Amino acid sequence: MKIFLPTPLRPYADKRSVVDVSGSTIAEAMRALISQYPDLKGYIYADDGNVRGFVNIYLNDEDVRYLPAKMNAALRDSDTLTIMPSIAGGR
Amino acid sequence: MTAPTKSAPLSNDEIQRYARHLILPEVGMEGQLKLKAARVLCVGAGGLGSPLAMYLAAAGVGTLGIVDFDVVDASNLHRQIIHFTQDVGRPKLTSAEEKVHGINPNVTVRKFETRLTSANALEIFKDFDVIVDGTDNFPTRYLINDACVLSGKPNVYGSIFRFEGQASIFAAPATEGRQQGPCYRCVYPEPPPPGMVPSCAEGGVLGILPGLVGLIQATETIKLITGLGEPLIGRLLLIDALAMRFREMKLRKNPDCPICGTKRTITKLIDYEQFCGVGATAASQSPSPEKTQTMPNALPEMTVEELKSKLDAKENIFVLDVREPHEYQICNLGDYGAKLIPMGDVQKRQQELDPEQHIVVHCRSGVRSAKVVDFLRQQGFEKVQNLAGGILAWADRIDKTMPKY
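Residue numbers (the numbering used here), protein chains in the order written: chain E, 1 to 91; chain W, 1001 to 1405.
Keep in mind the hints are simulated off the structure, nothing from the lab.
Values in this document were obtained by computation on a predicted structure and should not be read as measured data.
The C-beta atom is built at its ideal place from N, Cα and C for all residues, glycine as well.
Hints are not guaranteed to be accurate.
Unchecked claim - Some chain E residues well away from chain W (every beta-carbon gap over 12 angstroms; in silico): (1) GLY23; (2) SER24; (3) THR25; (4) GLU28; (5) ALA32; (6) SER35; (7) GLN36; (8) GLY49; (9) MET71; (10) ASN72; (11) ALA73; (12) LEU75; (13) ASP79.
Claimed, not checked - Under the rule of at most 25 angstroms between Cα atoms (straight-line distance), these lysine-lysine pairs were calculated in the BS3-like manner: (14) LYS1268/W x LYS1126/W; (15) LYS2/E x LYS1250/W; (16) LYS41/E x LYS1371/W; (17) LYS70/E x LYS1250/W; (18) LYS41/E x LYS15/E; (19) LYS15/E x LYS1371/W; (20) LYS1339/W x LYS1310/W; (21) LYS1348/W x LYS15/E; (22) LYS70/E x LYS1263/W; (23) LYS70/E x LYS2/E; (24) LYS1348/W x LYS41/E; (25) LYS1314/W x LYS1383/W; (26) LYS1253/W x LYS70/E; (27) LYS1314/W x LYS1339/W; (28) LYS1314/W x LYS1400/W; (29) LYS1223/W x LYS1253/W; (30) LYS15/E x LYS1339/W; (31) LYS1268/W x LYS1253/W; (32) LYS1371/W x LYS1348/W.
To be verified - Taking beta-carbon pairs under 7 angstroms as the criterion, some of the chain W residues facing chain E (in silico): (33) GLY1046; (34) GLY1047; (35) LEU1048; (36) PHE1138; (37) GLU1164; (38) TYR1188; (39) GLY1344.
Isolated chain E, as found in the complex (with noise of 0.2 angstroms):
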C-alpha cells in the first residue's frame, strides 16, 4: 500500500512523496514505515507515543481518529494512508 508523505516530511524519507510499505493495519504500516526512515519518528510521534496534535493521518480520506477501530483498521493493498501536518505559510 502506498502512504503519501507532505514536503515538510519527506527531508526525512530520501526526499520521497509516496513510499510503498506492506501492513494489514494502520499501526502496522506505519511501523514499517518508520523502520524504514527512522528520522520521521520525532515528527509524527510525540514522546508518549501519541501522533502529534498537529498531524492527522488519513485512510484514504477519513481522519484515523474517527474511524471506529483507529490505528487497528484493517489495510487493503489499494488503500492509500495521507500523513497530513499543519502548515501556516501564507505570505
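Given the coordinates of chain E, work out where chain W should sit on it, guided by the hints.
Here is chain W on its own, set in the frame of chain E:
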C-alpha cells in the same frame, strides 16, 4: 449567508462592468447585489492576500478590509502580485489600496495598519461578514479561528508550504439545512513546536502557489456570499503543485473541541503566542526573518561584527554553514574557510567536527543554526556559538555587496 444590508441598485457603469456576471443566471443581478453588499476582511496583504484582494475587487465585493502592517520588500515581488517593483519600501496597505481602486473604484477599502491581536480581533471582525486568512504563522491562524468561532463568522482558510497548499472553510456558521462546520482546532488541536515547521521565509515557496491557493479562497468567498454551489466546508483540499494533484480529505467537527465543541473551555481570545510556545516578539504577521523566527532559549551567540573582527585578527574559529548546497551557491563565507554541512547531515557527519575547537555556526537568518548549536552542545561541544541573524546580518552589516535572499 445573508447580505447584511440592502444595497443600492447598480449604476449603469456597474452594469456594464459586471455584464459577464449579470448574464450568468447563477449570479445575475441578485448575486451581484449580494457581492456589492458584502464586507470581506482579508488578514494579510501578502502571497495569499494579493490575488484574493485583486479578484474580489474585480468581482465587485463592496467592502474589502485589509489587515497588514508590513512594508513591501523586494523578496515579496515574485508572488505578492498586488505590489509592484516601484512599491518596494512602501506600506503594503497603501500599495494594495491603490491597486484595488485601480481595478475597481467602486470598492470601499478599509485599512487596518496593525497586527491582528487578541485585543483587537473581535472589534475588527465585527464589521465584516467573511474573514479570509492570508497570514503566515500559527499564532495568528489560531487567533483568526477562535475569533471566527466566537463571532460566528466563516474563516476562509488557505496555507502554503514550498509546493503544497491546503484550503478549507472553517467555523462556517450553521444555516438552514447545514450544521456548523468544523473549525481549525477540530482538525489541528495543537500547533507544532516552534521551529519544527519552517516558514516560507526559511523554507521557500514556489511563487505561483499562493496564487493558486489564494484564488481557491477567493472562489469560496464568492460562493459563500452568493450562496452558489457547494462550499468547501468539512473538506480539506490538498494541493500539490509538483504532481499537480488535488486531493480532498473529510473533516469532522471534533465533539471535544475546546472552542466549538459541546464542552467549550475557551470562551474568549487567549494569548496565542504562549499557546504556540513562541515568545511575545517572535511571532509576527511579517515575513522579515529577524522577526519571524524563534530560538531555543539562552544559546550562546556571536554578532557578525564580533565574528568579523575575530576572523580578521586570525583567531582560530571554525565557521560552520548549515544551509543547503543551493543556498551556499547564492552567497557564502567560503573566503573565511566556512565549511558546509547541511542541518540534516550534522548528526551523521558529527565526526568531522572537533569538540575542542571554537565553532561559530551560521545559516540564513539564525534559526537552523540555533538548532544545530543546541544539538552540538547536547553532544558535549562547549565552544560552539550561533551567529546571530545569520548570513543575512553579515550581508546587512559587514559586506554590503553580498546578495540577500
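Status of each hint after checking the structure:
no.	hint	in the structure
1	GLY23	holds (21 angstroms)
2	SER24	holds (23 angstroms)
3	THR25	holds (20 angstroms)
4	GLU28	holds (22 angstroms)
5	ALA32	holds (22 angstroms)
6	SER35	holds (18 angstroms)
7	GLN36	holds (17 angstroms)
8	GLY49	holds (16 angstroms)
9	MET71	holds (17 angstroms)
10	ASN72	holds (19 angstroms)
11	ALA73	holds (15 angstroms)
12	LEU75	holds (17 angstroms)
13	ASP79	holds (14 angstroms)
14	LYS1268/W x LYS1126/W	holds (15 angstroms)
15	LYS2/E x LYS1250/W	holds (19 angstroms)
16	LYS41/E x LYS1371/W	holds (18 angstroms)
17	LYS70/E x LYS1250/W	holds (15 angstroms)
18	LYS41/E x LYS15/E	holds (15 angstroms)
19	LYS15/E x LYS1371/W	holds (21 angstroms)
20	LYS1339/W x LYS1310/W	holds (17 angstroms)
21	LYS1348/W x LYS15/E	holds (17 angstroms)
22	LYS70/E x LYS1263/W	holds (23 angstroms)
23	LYS70/E x LYS2/E	holds (18 angstroms)
24	LYS1348/W x LYS41/E	holds (17 angstroms)
25	LYS1314/W x LYS1383/W	holds (17 angstroms)
26	LYS1253/W x LYS70/E	holds (17 angstroms)
27	LYS1314/W x LYS1339/W	holds (17 angstroms)
28	LYS1314/W x LYS1400/W	holds (22 angstroms)
29	LYS1223/W x LYS1253/W	holds (22 angstroms)
30	LYS15/E x LYS1339/W	holds (23 angstroms)
31	LYS1268/W x LYS1253/W	holds (20 angstroms)
32	LYS1371/W x LYS1348/W	holds (15 angstroms)
33	GLY1046	holds (3 angstroms)
34	GLY1047	holds (5 angstroms)
35	LEU1048	holds (5 angstroms)
36	PHE1138	holds (5 angstroms)
37	GLU1164	holds (5 angstroms)
38	TYR1188	holds (4 angstroms)
39	GLY1344	holds (6 angstroms)
In this structure, none of the earlier numbered hints is contradicted; all agree with it.
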